[in-house]
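Residue numbers (the numbering used here), protein chains in the order written: chain A, 1 to 289; chain B, 1 to 289; chain C, 1 to 376; chain D, 1 to 376.
None of these hints come from the bench; they were simulated from the model.
We put the CB at the ideal spot given by N, CA and C, even for glycine.
Mixed in with the good hints there might be a few duds.
[Claimed, not checked] Once the Cα atoms are required to be at most 20 Å apart in a straight line, the calculated SDA-like pairs of lysine to any residue come out as:
{"no.": "1", "chain 1": "A", "residue 1": "LYS243", "chain 2": "D", "residue 2": "LYS2"}
{"no.": "2", "chain 1": "C", "residue 1": "LYS21", "chain 2": "C", "residue 2": "LEU204"}
{"no.": "3", "chain 1": "C", "residue 1": "LYS132", "chain 2": "B", "residue 2": "SER256"}
{"no.": "4", "chain 1": "B", "residue 1": "LYS30", "chain 2": "C", "residue 2": "LYS132"}
{"no.": "5", "chain 1": "B", "residue 1": "LYS107", "chain 2": "C", "residue 2": "LYS178"}
{"no.": "6", "chain 1": "A", "residue 1": "LYS113", "chain 2": "B", "residue 2": "SER256"}
[Claimed, not checked] Calculated from the model, a selection of chain D residues having no Cβ within reach of chain B, i.e. all distances over 10 Å:
{"no.": "7", "residue": "THR19"}
{"no.": "8", "residue": "MET24"}
{"no.": "9", "residue": "ILE94"}
{"no.": "10", "residue": "ILE105"}
{"no.": "11", "residue": "GLN120"}
{"no.": "12", "residue": "GLY121"}
{"no.": "13", "residue": "ALA129"}
{"no.": "14", "residue": "ARG130"}
{"no.": "15", "residue": "ASP142"}
{"no.": "16", "residue": "PRO149"}
{"no.": "17", "residue": "PRO163"}
{"no.": "18", "residue": "LEU298"}
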Amino acid sequence: MSILINKDTRLVVQGITGRDGSFHTGQMIKYGTKVVAGVTPGKGGKEVEGVPVFNTVVEAVKKTEANAAVIFVPAKFATGAVYEAIDAGVKLVVCVAEGLPTIELVKITAYLKGKDCRLVGPNSPGIVSAGEAKVGILPGNIFKKGSVGVISRSGTLTYEIVDHITKTGLGQSTCIGIGGDPIIGTKFIDCLELFAKDDDTEAVVVVGEIGGRDEQDTAEYVKKYFKKPVFGFIAGKTAPADKRMGHAGAIISGTSGTAAEKVKVFEACGIKVGETPADVARFVKDKLA
Amino acid sequence: MSILINKDTRLVVQGITGRDGSFHTGQMIKYGTKVVAGVTPGKGGKEVEGVPVFNTVVEAVKKTEANAAVIFVPAKFATGAVYEAIDAGVKLVVCVAEGLPTIELVKITAYLKGKDCRLVGPNSPGIVSAGEAKVGILPGNIFKKGSVGVISRSGTLTYEIVDHITKTGLGQSTCIGIGGDPIIGTKFIDCLELFAKDDDTEAVVVVGEIGGRDEQDTAEYVKKYFKKPVFGFIAGKTAPADKRMGHAGAIISGTSGTAAEKVKVFEACGIKVGETPADVARFVKDKLA
Amino acid sequence: MKVHEYQAKEIFNKYDIPTPKEKMCVSIDEVIAASTELGLPCVIKAQVHVGGRGKAGGIKIAKTEQEVNEYAKQILGMEIKGLPVKKVLVSQVISIASEAYLGIINDRTAKKTVMMACKQGGVEIEEVARKKPEAIFKVYADPLVGFLPHKARQIGLFLYDDPKTAFACAKIAEKLYKMFIELDSSLAEINPLVVTDSGELIALDAKINFDDNGLYRHPDIELLRDRESEDVNELRARESDLSYVKLDGNIGCVVNGAGLAMATMDLVKHFGGEPANFLDIGGSSSPQKVQNALEILLNDKNVKVIFFNIFGGITRCDDVANGILVAKKALNIKQPIVTRLTGTNEDKAMDILKEAGLIFAQGMDDGAKKAIELLK
Amino acid sequence: MKVHEYQAKEIFNKYDIPTPKEKMCVSIDEVIAASTELGLPCVIKAQVHVGGRGKAGGIKIAKTEQEVNEYAKQILGMEIKGLPVKKVLVSQVISIASEAYLGIINDRTAKKTVMMACKQGGVEIEEVARKKPEAIFKVYADPLVGFLPHKARQIGLFLYDDPKTAFACAKIAEKLYKMFIELDSSLAEINPLVVTDSGELIALDAKINFDDNGLYRHPDIELLRDRESEDVNELRARESDLSYVKLDGNIGCVVNGAGLAMATMDLVKHFGGEPANFLDIGGSSSPQKVQNALEILLNDKNVKVIFFNIFGGITRCDDVANGILVAKKALNIKQPIVTRLTGTNEDKAMDILKEAGLIFAQGMDDGAKKAIELLK
């Protein structure tokens, strides 16, 4: 088992004819993902990596029964692409595209209310259910099928931690890059709710960073409701206040959102925090060994 | 029994200090309605007809446990008043105010989705549950407690028909003026669904008019689902095409929405239509006698 | 509220929706000047607030200067369904490769704004909706997010196979929606939307109606109202906060409430009479309002009998009675007046009217019958 | 993106939110002229993009001409937290009856826009939120309908007992929301919102930050950027599509990805070193980008060692390697370079770099340790 995506996921790639879209379509297929359709308005009828391209997501879904979408389009069109995917009726939308204005996420959140559709991202590196499927840009080769769930606000830092986990000999059930923006579709807690029900997941690693208070909320949730062991990592201990550290969401305002506070709350809620990525992998290994 | 309102309805009057608001507050109290609060921003602390006035509906609801609101405010403020009532958590909002732009009703409809709140109107003369409570401007004296439900897009035409029913010796369970605007919160079918479950209602009179196709939809609903006898009246047989007959919704566009077509569909679905208001009352009397 | 085609096109242009090169003209000289500027052949189109102007001879294509002169004279000054043509639109002739329909309304049943497209242009969309509904492609907007680009693209791809034309159409659809919402429109229509021989999309005809309830937010739109082309009595009624529609009969009806006013007309007809009008004096009527109503009513020389049908609720019967008394004197009304006044303060009303020489009715059936009887 | 107080107030004024009479000045002469125009006493406020300017002596009230001269000289040219003050705002002195706080942000947790009000003005709202959350009244907007009038009235009535003042405040709250949404703001704040002795509401200080992701829709806002008052390296980084923040250490870090870049800084610190910067070269990095990154990095004279930490995914290690080679030569880099390159095309990268005289690391721990070691 795994969460969010698996062997049966039928993926439509929005922006498939773009540079990133076509490259990663190839990578995803290589990993074993069922990429059933691509969409680029005006390019309907073409093929990319053997995948048929449609003009609209509605048409792609109708013709191929796609049930998930991944978005590789320029920022300016990404909001529209999210709505197009939602309206076409897919159950999962992974927005790899970044640069969406925050207020658009407020609207998208309201729009999703009551609909049977989950958004991951924006600014998400994607999802990998090890050995099953990958959606997005995470490098497939670092993953190994196993029992550790990984949830992260970051991209390459996730690779680093996943790589360490794999090198300990353990593997991953599903790894989700939830994205580094202030407002995102799927948060840590949403993923934990799914991992709670996934029998293949024995432990979860939460990779947080400065900014906001999602890590604090997550820690309290873990303490109250989550039965499996959770380990944490928080990036940005040396980050100065009031400066945006790359990610739009990674900014310490006033006294809230510091790494120190997040680490404190994690520890207080029973989530062991690694000082280094290697530490985290070691903690998991020790626990599950 | 009755539908929508009864002896336990706790009403807040929005715009209570206005000319219409204060007059009808008196009339509603006289009929036996529990008017527990009034709202006019800036007039908090005053009293109207012995009813305490608050600055906001939220405060009124908190202090008086009002569960229904009626709106008597100028058109320009009526949309805002509807949202204020919804946000305050009342279960029923009767908008007597008229002149709301149609697009605002599109928005209000979307806003109400998923909320436990019903809007009646705008441009509704109100609701009377005979012998229990009246909300709005319908004259109380023409009603008599009984078993006939009345639903109408009109105001005074409803009085006329109610009066005829009363004069036959029958009475009414609940009478709802749903309002004459193109888009309204509660339609004929919504009321029929409630009447279906109301044991005290033995027959229903549907008073329609030209414009739109609500009467047609209603007739088909009655044929399929509604078990109690239904009688109809359609105003506007002599109305010319493409002219708005008072009500914003009463306009025949092209060939649809004519009285002739509505009467035809009513009859085809087993709803006997009166040529005159007196006819309708007579039909009901004959059936229930 | 309706505006003329030339006004609609000015609004469309503000929203960057392309229309043909055109000039609105009010005289033959102006038409000649416009045709010279735009080149021959040109189209001359009557600007009136009724449909069917083509059938009525209000649209002509002039190929020569002589024809321009001739048709301008013909159309300027003609009457279409009783409305005099005071303005014409002179337009370049577009070479048309294909015609389609694009329109937008607030759907009463779905309670949503809906865009409608049809591959046939120049059609009566309601007619198509009734006879061949599958020919209309409908896309609903969501008020939270508006009319999304992908929905506009769906519209475009429905109408046109060529993606370039389809996406140009999508842009127009988005603009049409923006205009519709921002201006509190009740109908915005491009009919036909044409592809020219050179592959461009253009709104050959444009129509926009406005939601009367939204006009208070658009004083600039209110200014577009062509008072000259409206029925003078309907105009006066609106200014007096009354609602009046003229019909062809001879029994003038004065009623409170739109539904009851319609039912009263129907009842007159039912018993064999002919109603002269729809007239709703509304909710809280003052004596002055009653007087205004009678003045408007009596501008119609066909009115031989007046029938008051009032069911008092907010409307007080004594107010109406006072209005009748004053008006009867002030306007020197000779026509017989049948009154049916019931509800709030009906006793007071009877006291006021008992010496006034009116005919009293018991109920509206009785009133209608008495009014008809008086004509015999 | 941040703008100065004087710019924020110009924007507030466009939205009809009242602010004091003020003049932005860049010289002592301008300050003197402004103080003459506005009258004495007047307030002179430094315009810099950092908080705490009051404590740093950047805000003074001048009561005499002499003081105007003196304070203008003092403030213009001073440095606050390393940023030179090149502009001051000269403002009339307002007689204050009461102070409050009004602000608006997008709430990350609720995923909604939220208006916050507090009866104390001039406070640090995050501080209040932490210590006394019940003192903050929050009202959430719904994106479908915006910030509704009744919610604005609730805000007003929370802050003020007098309905007149409360509803005037409600109007300001509605305007603040409109501004926030229309301009893709990430924070709009009136702190303090004051009631003057004459009972008027006025935004004594105004702040507005903008969502960087929304700036593409607001070219006019982008023009407000005060390039002079920004760190030149951060500015250059942004122009090269890099993300750079200067720190106080001596180990320059070049990393792909924001999270990994932070983790790299943290790791350097963890093993006893001091990171010189945050530097994210982003996803698909070209050799040119690497060269730009190194140029920016080396403008910081504190940098004694350079640590490349690259986990290739989209980023290709050979691209990075090529960038290092070219830059090392072009910029004549003397500092030792520790490289940890793993992932996509790492073998190719090693081939490219094997002769380049770099120090290679196995994993980031090893890299950080080696970088620190080199400083000893």
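Comparing the hints with the structure gives:
Taking the CA atoms of A/LYS243 and D/LYS2, the gap is about 11 Å. The hint holds against a cut of 20 Å. Simply put, C/LYS21 and C/LEU204 have alpha-carbon atoms about 10 Å apart, close enough for the 20 Å limit, and the pair holds. Pair hint C/LYS132 plus B/SER256 holds up; C-alpha atoms about 14 Å apart against a cutoff of 20 Å. Distance check on the hinted pair: B/LYS30 and C/LYS132 sit about 55 Å apart at the alpha-carbon level, beyond 20 Å; violated.
The hinted pair formed by B/LYS107 and C/LYS178 meets the criterion: a straight-line CA distance of about 15 Å does not exceed 20 Å. Taking the CA atoms of A/LYS113 and B/SER256, the gap is about 36 Å. The hint is violated against a cut of 20 Å. Distance check on D/THR19: its Cβ is at least 26 Å (rounded) from any Cβ of chain B, clearing the 10 Å threshold; non-interface status holds. A cut-off of 10 Å between C-beta atoms confirms that D/MET24 is not in contact with chain B; the least separation is 38 Å.
Taking the minimum C-beta to C-beta distance to chain B, about 26 Å, the non-interface status of D/ILE94 holds against the 10 Å cut. With a cut of 10 Å on Cβ distances, D/ILE105 stays outside the contact zone with chain B, its closest approach being about 21 Å. No beta-carbon of chain B comes within 10 Å of the beta-carbon of D/GLN120; the shortest separation is about 23 Å. A cut-off of 10 Å between C-beta atoms confirms that D/GLY121 is not in contact with chain B; the least separation is 23 Å.
With a minimum CB-CB distance of about 23 Å to chain B, D/ALA129 clears the 10 Å threshold, and the non-interface call stands. The Cβ of D/ARG130 lies farther than 10 Å from every Cβ of chain B, with a closest approach of about 27 Å, so its non-interface assignment holds. D/ASP142, annotated as away from the interface, has a beta carbon of chain B within 10 Å; the closest lies near 7 Å. Residue placement check: D/PRO149 does not keep its beta carbon more than 10 Å from all beta carbons of chain B (closest about 5 Å).
Against the 10 Å criterion, D/PRO163 falls within the reach of chain B, whose nearest CB is about 4 Å from its own CB. The beta carbon of D/LEU298 sits about 56 Å from the closest Cβ of chain B, which is more than 10 Å, so the claim that it is off the interface holds.
In the structure shown, a violation is registered for the earlier hints numbered 4, 6, 15, 16, 17, in ascending order.
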